[in-house]
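The residues making up each chain are set out below.
There are 2 protein chains.
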Amino acid sequence: MSKGGFTLPGQTGYEELTLRLAKKWGADVIRDSDGTKLSDEILSAGYQIYSTICIVREHNEWARKHMDKLQQTFLCTPPKLSTVEKELEILIMESFFQDQFQVNDTLKAMSYWQVYDRTTNTLLDHSDWVYHQESGTVTIKAPVLWHHYTVSFVAYRIWEEISMYNHTTNNWSSEHLMQIDPRYPENQEYLLKWLRNWCENNPDTDVVRFTSLFYNFVWIWGSDERNRYKFVDWASYDYTVSVLALEAFEKEYGYRLTAEDFINQGKLQVTHMPPPKTKLDYMEFINDFVISFGKQLIDIVHEYGKKAYVFYDDNWVGMEPYNGRFHEFGFDGMIKCVFSGYEARMCCAVDVPIHEIRLHPYLFPVGLGGAPTFMEGGDPTRDAKIYWNNVRRALLREKIDRIGLGGYLSLAEPFPDFLDYIEKVADESRLIRSFHDAGKPYEIKTKVAVLTCWGKTRTWTLSGHFHETYMHDLIHIIEALSGLPIDVSFISFDDVKADRLSEFDVVINAGYAGSAWSGGDVWKDERVVSLLTEWAYHGGTFIGVNQPSAVEGYDSYFRMSHVLGVDQDTGARVCHGKWKFGVADDEGLLPEEGVALVAKENRFLTDGKAKTLLADDQNPVLTVNEFGKGKGIYLSEFIFTLANTRLLYQLIRYVGGEGILGKYMTDNLNTECAYYPESRKLVVINNSEEVQTTKIDTEFGAKAFTILPFDTVFMDL
Amino acid sequence: MSKGGFTLPGQTGYEELTLRLAKKWGADVIRDSDGTKLSDEILSAGYQIYSTICIVREHNEWARKHMDKLQQTFLCTPPKLSTVEKELEILIMESFFQDQFQVNDTLKAMSYWQVYDRTTNTLLDHSDWVYHQESGTVTIKAPVLWHHYTVSFVAYRIWEEISMYNHTTNNWSSEHLMQIDPRYPENQEYLLKWLRNWCENNPDTDVVRFTSLFYNFVWIWGSDERNRYKFVDWASYDYTVSVLALEAFEKEYGYRLTAEDFINQGKLQVTHMPPPKTKLDYMEFINDFVISFGKQLIDIVHEYGKKAYVFYDDNWVGMEPYNGRFHEFGFDGMIKCVFSGYEARMCCAVDVPIHEIRLHPYLFPVGLGGAPTFMEGGDPTRDAKIYWNNVRRALLREKIDRIGLGGYLSLAEPFPDFLDYIEKVADESRLIRSFHDAGKPYEIKTKVAVLTCWGKTRTWTLSGHFHETYMHDLIHIIEALSGLPIDVSFISFDDVKADRLSEFDVVINAGYAGSAWSGGDVWKDERVVSLLTEWAYHGGTFIGVNQPSAVEGYDSYFRMSHVLGVDQDTGARVCHGKWKFGVADDEGLLPEEGVALVAKENRFLTDGKAKTLLADDQNPVLTVNEFGKGKGIYLSEFIFTLANTRLLYQLIRYVGGEGILGKYMTDNLNTECAYYPESRKLVVINNSEEVQTTKIDTEFGAKAFTILPFDTVFMDL
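In the order they appear, the protein sequences are chains A and B. The opening position of the first sequence corresponds to residue 37 in our numbering, with each subsequent residue numbered one higher. The opening position of the second sequence corresponds to residue 37 in our numbering, with each subsequent residue numbered one higher.
Hints in this document: simulated from the structure, not taken from any laboratory. Bear in mind that the values here come from a model prediction, so they are computed numbers and not experimental data. Hints should not be assumed to be uniformly reliable.
Each pair may be met inside one copy or between any two copies, as identical chains are not told apart.
Unchecked claim - Below 16 Å or equal to it, Euclidean Cα-Cα: the simulated EDC-like pairs (lysine to aspartate or glutamate) are: (1) Lys731 <-> Asp703; (2) Lys144 <-> Asp240; (3) Lys614 <-> Asp643; (4) Lys560 <-> Asp153; (5) Lys533 <-> Glu628; (6) Lys616 <-> Asp260.
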């Protein structure tokens, strides 16, 4: 129990430290890090070795000779207004970071360029504009006065985004790395040969850690420092684009994609909005390619007797770990860097033999947010406690095989507290894993489904880290759910129509109107509405948050308003009287204190029957509506806090008929617990920075605990 | 100067008081009030006499004999869900106040009834449902399971709404009054005869005060006291509906209106939303009738040597004082009850010889809001000061001929302060009127237009009193403008297309997306966008508030975002980087203190160039954007306060090139002034409840003032 399941970043020149910490933390694996190489002393110390490769990067010599086979993307200029009666000139690269992009003006690429009159949504004929290569401008020959125009064009990406980020953030001065596109047969041939060669030359490597596959998340930089990050979407496909791909798509799917299918009036097709059919088709097409070429690489790794793990970030686009095809890659393991509970659950949910999470803090002078970590002013032990606290509650629910760190051990050495704390974390993680091995933890019977446009495709995630997606209610909800003893599924509207609702007791729909999370136009489908209505009437509970089921065009804005008993006035009902209501929590559904949720404008009770538990004046915040044998629950928003998490849990228990309080549940919302019936182990965690006491009712009587800040307690029942 | 322009409510039994106050206040007119009759002593005291008649009310004897000719309306049931596989029964009157409505189930009326499947927006065939008169239910024969249905039907209104309000609010026990519809020839004949008879029997009456014409604003009461006022819209036309009207409309306009043209998915066609063509046609049709029959009544009044004034409220619907036809009635005067500056301007803006405003407080025990006025706990003098303060600044800008009071003098007698204050108000109003008579007050040169769907049809108003419309930015803006020395026009999008923009220096567009005030779908018309763009580029300033020019379907949400430099992210741009900005007021556009405006979510700078003067973190609140020779100004909201009013004035002066500060402008935003160049009179008002000092620069040097709370100072220059 005191060893294994731990991946240590080795550091050349610090061999003694590496081996000392490997022993202290019970490491069984030593890895290299981005830009480092392990010394022979480390390689031969008897540990398994992970070696990191970024398959599309670090081939600059080849790339320079094949600049026409670099990765690409569509870009669209900001709108430009025609203010004089003459030609309109648009300098197409003006707003983009010149070090990142280079115009692709080959004939074939230009056949995909588009010029739009955005005032009228009109596509211009190619004969109505001309591109001047020398000046980099598009001239629109006869623009309509006072209309504004955009140019959508194809650009090579000439600086790999992670390299670009590290360069500019950490002032690196090394060569700008480029990324080659494995779509091109020449690049494929090169890469297969290169990997074979690499395997030959790295006999000590046990596991090839792919960081990651081929296509990075979209990250478009701008020319102006006041708006450097023009666009970033962790789960979008713009960076997979090339003429070759578009032509292959046309052949396979029988229709031609246009720039506008990606550019979408300059908004791009963000993951947070419902995907059109073109995007879904294209994702399938790219996924197909990523699997097929990815598998060739993994086969080579296996041929050399090594294992292949993949890092689930950066160049992960096209991998799609939850669409049922991931096993086709043949990966042996998956590594996910995590900051949050839901990210740990993302990792667990992948169909792969080994699940590893990389904890934070990264052993780096500064953290992702730029704050000091392993330098003066940093408190890495506290950082580690907070990170472990974020993640631990999720690990109690689902098994993770391994944890690990990344970065430079020498930076951690001056912080002995930190070294001790990681030892404790490693021990705890091994202990928790052993409980999972003995049998699943206790869960309540109530089954919950999260209903979105993406369904299982975006299991336990929206698009990126918590701090990038905090503006969406759903990320707060899934973060809360990630540590609760509840069976959670992620379903799409197609799942509803495939009659899967009977599998669930609770369906959650959360987000702002028109988003992929709320659903948007899919709510115009009366089948979706009717099936959910029927299911709720017969006992299901529909939990709607913010603007659930919202779509314009009907008598109500929330299509499920008859179940929720709550709707939103979008303006047309400003002259309608609203039902007055009192606020009461007769059933005791609210935790005693701490619930903090803010009202949204213009929500109202549809028929006055929903019970309001929380409100801001006469604006309902939390309501419970009886609907047939089922219920509708409305929440104006959801923010992840300990008290709100407890509220969500109590609501789910209540509607599931399991009692608001019950066994294997702490009586202090700052604490949580997990119980493993097979091994009769109880784990109690303090999620707060203060000492907490709590009682837990079990089959073997009530147990009382006093727990130090952020600490974990293990008990045999 | 010490007499005239004042209308006093006489009170029988208090003849001495009546005549004493008439003298004190300089009254030239004595009026009766609702439900009172003046004694001979008052009638013969040498004053002009106004007599109030409500032409459609107080004919209960006739009404009882002609219940099929009462006024009517369309009503729509709340949606009812089909939850069992059998017929669905809807009790159509269940949610409505039974004392107000009675089903009209005549064959002809039922041809207008409609049953809708609101889940799919499908109209059911008449053969698919049946109405049971005895039970008052509609049975839908084969509803689709889990769909919800509504019944739209025709109902008689059996209790006149103002009578109903007074009954239920003040516990009156008199007979419920009914309102007859002058659309019916029999009613017309009766009314013409009745009025002639009335004129014969009231020889002392000089002015017939119509309170008001035929059709009340819409006020639908519900059966449940928790939601008694189901719907109220001061300017909507539902209460003009009858089979007779609908049939005449069909004949005249060549198409048949349906219940749904009024019911609109249960939302009804509120004034705050853009009117569809059907509504505009129908308004024109009703206005035509109201003018033609109204004129017949007024002609009778004139025949008897009396004048005809009209009260601009209650049964005013169909009068439409600003569409260019109002003079056709032949009214001699217009009386408006006012609480706000904009209501005084509404009155001034009507094309009629005499403009009278009825001040508050009404001489009644309690005020409209239910607070005590002329009873223990009331402070009528303070109330009067506040009301006069609200209205006075508007009276400085435009001439009002008369002021007056309503109610019971005896209630005021115990408040000698109040009696003195009204004397002062009467004197001030006469003085101000005399300045207007000598010549127009000074205005800045900058011409402002308020751009909405309604244009001049809703001049100086939205729909009702301030407290009913406070949720709309535009009412705050026009209240601010009502007292500023600025020429203000109210224009529609058709005016823009009729090339009227060159008349204006500033165009204001304010309100939430989709509203009649912001504009809604009309912004899809590229002519509107192009013309405003051109006009702004050549020097105009477009001031956009809240969600100006907002409509879905384009690259920007605000169609004027290129002028404003600000747009709103409705969700699709959540992954787009936003321009960072600093906040500065380099030009000194902001008043020194007191400006309070709240940011709205997800507003952002489009190209980073707009200057931000106010912001909440990185959410712009007030921005100024240079656009060609013109400007775009964005305000996240507008709330009527003294400081915000000063801000608006300074912004308009600034963009008009008249200097932020200048002549005939107080240097203390709690005060305002008006200057009348012809008479060289300067009026300075203190709009606050504290003593204020201020300086004013004039052609004749700077003048300094110290003004008591709410007081008015007059100076000869």
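These are the hints, each one checked on the structure:
| no. | hint | result |
| --- | --- | --- |
| 1 | Lys731 <-> Asp703 | within (6 Å within a copy, 67 Å between copies) |
| 2 | Lys144 <-> Asp240 | neither (45 Å within a copy, 93 Å between copies) |
| 3 | Lys614 <-> Asp643 | within (9 Å within a copy, 41 Å between copies) |
| 4 | Lys560 <-> Asp153 | between (30 Å within a copy, 14 Å between copies) |
| 5 | Lys533 <-> Glu628 | neither (39 Å within a copy, 60 Å between copies) |
| 6 | Lys616 <-> Asp260 | between (51 Å within a copy, 10 Å between copies) |
Checked against the numbered hints listed earlier, the structure breaks hints 2, 5; every other hint is satisfied.
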